[in-house]
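Q: The residues making up each chain are set out below.
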Amino acid sequence: MVGHGVPLIWLVARASGLVAFGLLTLSVWLGLAMSTRLLGPRRQKALFGWHRTLVWTALWTVVLHAVAVLLDPVLHFGLPALLVPGLAPWKPVGVAAGVVGGWLTLALAASFRAKRWMGHRAWRLLHYASFGAFVLFLGHALTVGTDLKGLSGPVLVALSAGPVLWLSLARILLPRTAPRTAAATA
Amino acid sequence: MRRVWAAVAATWALLAIVAVLAWSHPPLQSPPSGAAQVVVVKGKGGKAVLLPSALATHTTTHSSPPPGG
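Residue numbers (the numbering used here), protein chains in the order written: chain A, 1 to 186; chain B, 1001 to 1069.
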C-alpha cells in the first residue's frame, strides 16, 4: 500500500499502461516521420533504430501492464482474460481492444527481426497494422483507463492522434522522393 | 546503448507517473473537524431525531461506512 491506501500494483498497472501508450505513440510518430522523410534522409538509419527500440520497449511495458493487472487483487483477471480477447470479466470489449493491440504490437516488434526472412514488401504491409494497434490502444485507454475520465480523455486523443493524422496526410499527399534539383534534371 | 537509454527513460516515466497517481489520489473523505455533525437516532414512535454527534457519543446507532470502505 502507498499513499492513501492504494495498492502499489494498481498504480503500476495504470502507470505502465500510460507509459506503454506514450511509447507506442512516439513510435508511430517516428515511423510516419521517417516514411514522409520530414526529418531528412540522412538520419533514416538512426531513426529506424530508435523506431524499433521504442516498439520493443513499449511491448515490454505492455507486458508489465498485463502482469500488474493479473496480480491486482481487486480486478480478478485470469491469464486467459489477458491473452484471449473477450474473456475479461470487466468491460470485455474495451479490454479486448487492448489484448488485440498487444498481440499486434508483438507481431510488429517481431517483424523487425523477421524482415529479412519475410521480405520488405510483406514487412511493409504488416506495418500498416500499426495504425490498427494505435487505434485499438487509444480505444482501450479511453474506455477502460480510469485516469482518462473527463477532459483528460479528449486531451489525450488530441495530443496523440493529432500528429498521427497530420503525418498520415503528409505521407499520402507529399511525394515519396525528394524533388530533383534543377541542375540534376537539366 | 539505445536500448539502455530507452529502458531508463521508460522506467523513470513509470516511476514519475506512479508518484503522481499516488500523490493525486483523493483520500477517503472525512468530515471536516469544524463542521457540524449530526447522528440520526430513532426517537419515540419511530420518528427520526437528529442529534449533534457531540451529544450522541453513547448512542448505539452506526454511521454509514465511507464510500468504498
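Take the hints with a grain of salt, since some may be wrong.
Here's a subset of chain B near chain A, in silico, CB distances under 7 Å, partners left out [to be verified]:
#: 1; residue: 1003
#: 2; residue: 1006
#: 3; residue: 1021
#: 4; residue: 1022
Residues on chain B that point at chain A, a partial pick, calculated with CB under 8 Å [to be verified]:
#: 5; residue: 1002
#: 6; residue: 1007
#: 7; residue: 1008
#: 8; residue: 1010
#: 9; residue: 1013
#: 10; residue: 1017
#: 11; residue: 1018
Cβ pair distances, simulated, as ranges [stated by the list, open to error]:
#: 12; chain 1: B; residue 1: 1005; chain 2: A; residue 2: 79; range: 16 to 22 Å
#: 13; chain 1: A; residue 1: 120; chain 2: B; residue 2: 1023; range: 44 to 50 Å
#: 14; chain 1: B; residue 1: 1008; chain 2: A; residue 2: 113; range: 31 to 37 Å
#: 15; chain 1: B; residue 1: 1024; chain 2: A; residue 2: 174; range: 40 to 46 Å
#: 16; chain 1: B; residue 1: 1024; chain 2: A; residue 2: 118; range: 44 to 50 Å
#: 17; chain 1: A; residue 1: 173; chain 2: B; residue 2: 1001; range: 18 to 24 Å
#: 18; chain 1: A; residue 1: 151; chain 2: B; residue 2: 1016; range: 17 to 23 Å
#: 19; chain 1: A; residue 1: 161; chain 2: B; residue 2: 1020; range: 20 to 26 Å
FYI, nobody ran anything at the bench for these hints, they're computed from the structure.
Beta carbons are placed, not taken as given, at the ideal position from N, Cα and C, and that holds for glycine.
Q: All hints, please: hold or fail.
A: The hints, checked one at a time:
no., hint, result
1, 1003, "holds (6 Å)"
2, 1006, "holds (4 Å)"
3, 1021, "holds (5 Å)"
4, 1022, "holds (4 Å)"
5, 1002, "holds (5 Å)"
6, 1007, "holds (6 Å)"
7, 1008, "violated (10 Å)"
8, 1010, "holds (5 Å)"
9, 1013, "holds (5 Å)"
10, 1017, "holds (4 Å)"
11, 1018, "holds (5 Å)"
12, B:1005 - A:79: 16 to 22 Å, "violated (32 Å)"
13, A:120 - B:1023: 44 to 50 Å, "holds (48 Å)"
14, B:1008 - A:113: 31 to 37 Å, "violated (23 Å)"
15, B:1024 - A:174: 40 to 46 Å, "holds (42 Å)"
16, B:1024 - A:118: 44 to 50 Å, "holds (45 Å)"
17, A:173 - B:1001: 18 to 24 Å, "violated (36 Å)"
18, A:151 - B:1016: 17 to 23 Å, "holds (21 Å)"
19, A:161 - B:1020: 20 to 26 Å, "holds (23 Å)"
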